[in-house]
Amino acid sequence: MLVQLQGPWSLLFGRLTLSALPYDNPIIVATFIFAAIAGAAVVGSVLYFGKLGYLWREWITTVDHKKIGVMYIIVGLVMLFRGFADGLMIRTQQVMADGPHSTGVLGAAHGFIPPFHFDQIYSAHGTIMLIFAATPILAGLGNIIVPLQIGARDMAFPYMNAVSLWLTTAGAALVMISLFVGDFSAAGWVGLIPLTELPYSPGVGVDYWMWAIQISSIGTTLNAINVIATIIEMRAPGMTWFRLPVFTWTTLSTSVIGLTAFPVLGVALALLGADRYLGTHFYTAGDGGNLMLYTNLFWIWGHPEVYFLVLPAFGIFSEIIPTFAQKALFGYVTMVAATLTIAGISWAVWLHHFFTMGAGPDVNGFFSIATMLVGIPTGVKVFNWLFTLYRGRLTFTTPMLWAVGGLFLLLLGGLTGMMLAEPAVNYTVHDSVFVIAHFHCMVLMITFAIFGAVIYWFPKIFGFPLDERTGKMFFWTFAIATALVFLAMFALGFEGETRRLDYLYDTDWKPMLVVEEAGMILYLVSILYFVKMLYVSLRDRAQNRVSSDPWGTARTLEWMTPSPVPFYNFAVTPQVNARDELAWRRENGLENVKPDHYEAIHMPCNTAVAPIIGVLTLAFGFGMIWRIWWMAGFALLGIIIVVIIRSFDKNLGYELKPEEIEKMENQAELGGIVAEQPARQPITEAEAH
Amino acid sequence: MSTHHSDPLAHPEVQQASAARYIVGFGTTMILMLAALVITLQRRLPYVPFAESIAGLALLSLFSQAALFFGLDISRAQIWKSVSLVLTIPLFIITIGITVWMFNTLYARTMLPGDMMMTQPTLLQ
Amino acid sequence: MATKIAAGAETLLWHHGAEGHDTISARTLGFWLYMMSDALIFASLFAAYGVLDNPFNAAGGPIAQQVVHPLEGFWQTIAVLGSVLAYSLATVALKNGSKIGVVHGILGAIVLAVVFLGFEAHDLLGLIAQGDGPQRSGFLSVFFMMIASHGLHMVFGILWMLVMLVQVARSGFTGDVVARLLNLRLFWQFQASVWVCVYVYVYLLGGF
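Protein chains in written order, with my numbering: chain L, 592 to 1280; chain B, 54 to 178; chain V, 1331 to 1538.
The reader is advised that the hints may include incorrect statements.
What follows is a list of derived Cβ distance ranges for each label pair [unchecked claim]:
1) L:597 / B:94: 44 to 52 angstroms
2) L:630 / B:164: 47 to 55 angstroms
3) B:164 / L:1115: 45 to 53 angstroms
4) B:132 / L:1235: 28 to 36 angstroms
5) V:1340 / L:639: 41 to 49 angstroms
6) V:1340 / L:1235: 47 to 55 angstroms
7) L:1022 / B:94: 48 to 56 angstroms
8) B:139 / L:1086: 28 to 36 angstroms
9) L:974 / B:77: 48 to 56 angstroms
10) L:617 / B:139: 57 to 65 angstroms
11) L:1116 / B:142: 30 to 38 angstroms
12) L:630 / V:1342: 50 to 58 angstroms
Straight-line C-alpha distance at most 25 angstroms; calculated BS3-like pairs for lysine-lysine [as the list claims (entries may be wrong)]:
13) V:1425 / L:1254
14) V:1425 / L:1185
15) L:1185 / L:1248
In case anyone wonders, no lab produced these hints; they're calculated from the structure. Since this is a predicted model, take the numbers as computed values, not measurements. Cβ atoms here follow ideal geometry from the backbone N, Cα and C, with glycine treated the same way.
Given only the sequences and the hints, what does the whole structure look like? Please build it.
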């Protein structure tokens, strides 16, 4: 059944040999040294401060949706940094390797990166940024905020929530391992077919790419199920559908997309895997395969994925803008309708990624019109935000800067998107960097929303705000860098530069390439400001403790909990009386009314099952990639056995006593996210009945 | 959170089980599938009406399974299942229908006519 | 807890004891959502089948008409629907609180599912033996993938049923066990619905 491979294979190590370690590549060796030092510093400080037990009890085995969300965001930020480093290398290579007389160093004919390595870098950049940076960060934000916004105690399935996190982490870990063991895919983040087929990519790069995505997308699907079930089943009394905050609506829509689109990606990659492992002919160039079938299935997922990322960003804008305009969101109902419409249309536009395939004019026309239709609900949203700003009492805090900056990027990305929706234009600029600049405007709009959201909700979760002064420097350097890189890139697109070039033949592109490189250096500066922002805020946290509503003008339910949010969220479930409950209570002078007494709360116990499944999945992925069959087989068997054993577990959780709750309500840090909780006894079956 | 202070067997989803409904559901699906099989084996209809009629029978069978076996309706216990199914059905149609349409136009524009292949299956060998 | 608002009306701000949501409903809904996701997996496979079920993609190998047998597929249809009926009758026994009825229903479902898989394995292994395995052509690849994906779901269903037999015997009808039995019913019925689509789309349409 299995296909014959080129090169050595052994029973014990599969395809893995010592030569898989790229110790002769100076860039990777330097990266490895950096990663090793950073890793040693983290592990060393955990051991030095004796925090290993704390880390295990309070974080790794946790089922608390806020901690899981924070870990999602940390994974995402680490991957975002890795993706940025890839982007920096791409830009530096291009500015160096322009024209036949450009010099080459480190073994490259031009620039400093040889072609095969360069191909891996841009493939990794795209894969990481979309699937391992943006997706986990947005999943994490949804995880933290949605249960708080609907007045729930936790997600509907806390244990499955932890499994989702560890699956995503296992996928991200595979991408990181590929840096130091073997190599990554060199066939673009979309997996250009038939380049990803075994005869053309005989190494393990494509396998790394394929399994990393496959594993993390299972995590994303489970998370989507969890979010939808939570929003349907666990809303507080009075939280009717048309009182849901818009961020919750957009997370719901996003989860619907995630639930339905990711399985299609799973099939696209599984069929590719069958070709590579079993020798089938789904996408082969001969023997009855059809390579456009891959492109089709990939983009059936790929386009909804774009909206999967964009919609939460829209939701974030819809939370930040009313808070800092001190007005209710303009056109709430149209905002919800527009969200659902975008989610719906996102399913019927995918062919615009390959207009040039050569399908009939009817097909291209259908997809062109469907694509343009997306502009209508998006336009409704933009006008709603503008009307919310109009005559509002605006305060330009850092989150507000990110939100307003994001609107400009949305305008730029959206209008160029309209141009690309026209097949005739598309044929002309297809595969040029004009397209790259367009979708980077969109994904940077998402990044703007992410940074806005992190700064906006940070004080709620941790109990102290991020520093505004360095935060503003972070914003301005980042925004100017974005303008430099991507406005120059639009120009280069019109000048005919195509994407994915490791060597550029036209020296007329040089000025704009230099502008892009300047932007990249400014990005580097902005990262330093980000680090400084974290440092300053952490240093001054003691004198900056905040109350339940740190911005003073917030409107939704999550701001009614103490800051930092205790692990049980609401001591007593709130009764919702209005769309913006906190704003309504403030107007009626009720924002300080506390519950008159507390009752015991039933909480789930932590579980080691989720991280164990994560580790086993990592082993399974690694075994499959290197074709170490015993490893993959045992890991898969292990996962099944662990799940079955878990199903026999009768742990009923524990009860939190009213006295304890009262203490934590009066002193929020006791129940906060970084506080260590005392051991609590699980309740017995007799007590439960 | 797995404590239940009430009897799980009293849950509406347990209580909706009904032997009569399941047996009728089984019978309906079997009859519809038998009809589809007979139409196929008889080979009396031309291709398009044939495909339409067996697709219709399959659809009827799926409806009967949704109503009789899954017990989907708009009651409080089942409404969200019904809603999510209704929202997912268009996606099936889009995924399968548009893909097939797209590749039909593609094959018509990029490959040899299909009939030639039917009569001369050795052409590609 | 009622409080007076500025306008003077009484209003409720906090809701004691509101957290006890219905866990069985949440679990069956969550599982149903997973099934919608799974259904999209089959939809993509059907889309791939629609593209590759073409004489071009048979690459000179057998086309659908030469590998499917509508009549034999009908025996499989009877087996899988009978299995679903047996499991459904087990849930009727569950309603009446009869452990022995549940166990018998599940055992019947397992036997019929094994019969179904036996037919399927016989079919596929026969094709491989005559040299028409999934490596033969694009069409056969997607044919095998379609049938095997459904078969794999059936295998996991059988495994799940075996686990449930043990849990019913050991713990009786606790909330957890009942929720799992309900979810398993959804899963098992879903396999029958998918099989109806496979039978009509692959076996009957291909057998024309």
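* To do: Mind checking the hinted window 57 to 65 angstroms against the Cβ distance between residue 617 of chain L and residue 139 of chain B?
  => 58 angstroms, holds
* Do the Cβ positions of residue 597 of chain L and residue 94 of chain B conform to the proposed distance bound of 44 to 52 angstroms? -> 49 angstroms, holds
* Taking 50 to 58 angstroms as the hint, is the beta-carbon distance of residue 630 of chain L and residue 1342 of chain V inside that range? -> Since the Cβ atoms of residue 630 of chain L and residue 1342 of chain V sit about 52 angstroms apart, the hinted range of 50 to 58 angstroms holds.
* **Beta-carbon spacing of residue 132 of chain B to residue 1235 of chain L - inside the hinted bounds 28 to 36 angstroms or not** => 32 angstroms, holds
* If you check the beta carbons of residue 974 of chain L and residue 77 of chain B, does the distance land in 48 to 56 angstroms? -> Holds - the Cβ-Cβ distance for residue 974 of chain L and residue 77 of chain B, about 54 angstroms, lies within 48 to 56 angstroms.
* Asked: Taking 25 angstroms as the top limit, are the C-alpha atoms of residue 1425 of chain V and residue 1185 of chain L close enough?
  -> 44 angstroms, violated
* Asked: Does the Cβ-Cβ separation between residue 1340 of chain V and residue 639 of chain L fall within 41 to 49 angstroms?
  -> 57 angstroms, violated
* To do: Mind checking the hinted window 47 to 55 angstroms against the Cβ distance between residue 1340 of chain V and residue 1235 of chain L?
  => 53 angstroms, holds
* Supplied distance hint 30 to 38 angstroms, evaluated on CB atoms of residue 1116 of chain L and residue 142 of chain B -> 51 angstroms, violated
* Asked: Regarding the pair residue 1185 of chain L and residue 1248 of chain L, is the alpha-carbon distance no greater than 25 angstroms?
  -> Roughly 18 angstroms separates the two Cα atoms, so the pair holds.
* Asked: Quick one, are residue 1425 of chain V and residue 1254 of chain L close enough, alpha carbons at most 25 angstroms?
  -> 45 angstroms, violated
* Asked: If you check the beta carbons of residue 630 of chain L and residue 164 of chain B, does the distance land in 47 to 55 angstroms?
  -> About 54 angstroms separates the Cβ atoms of residue 630 of chain L and residue 164 of chain B, which means 47 to 55 angstroms holds.
Figure legend: structure checked against the earlier numbered hints; hints not met, in rising order: 5, 8, 11, 13 and 14.
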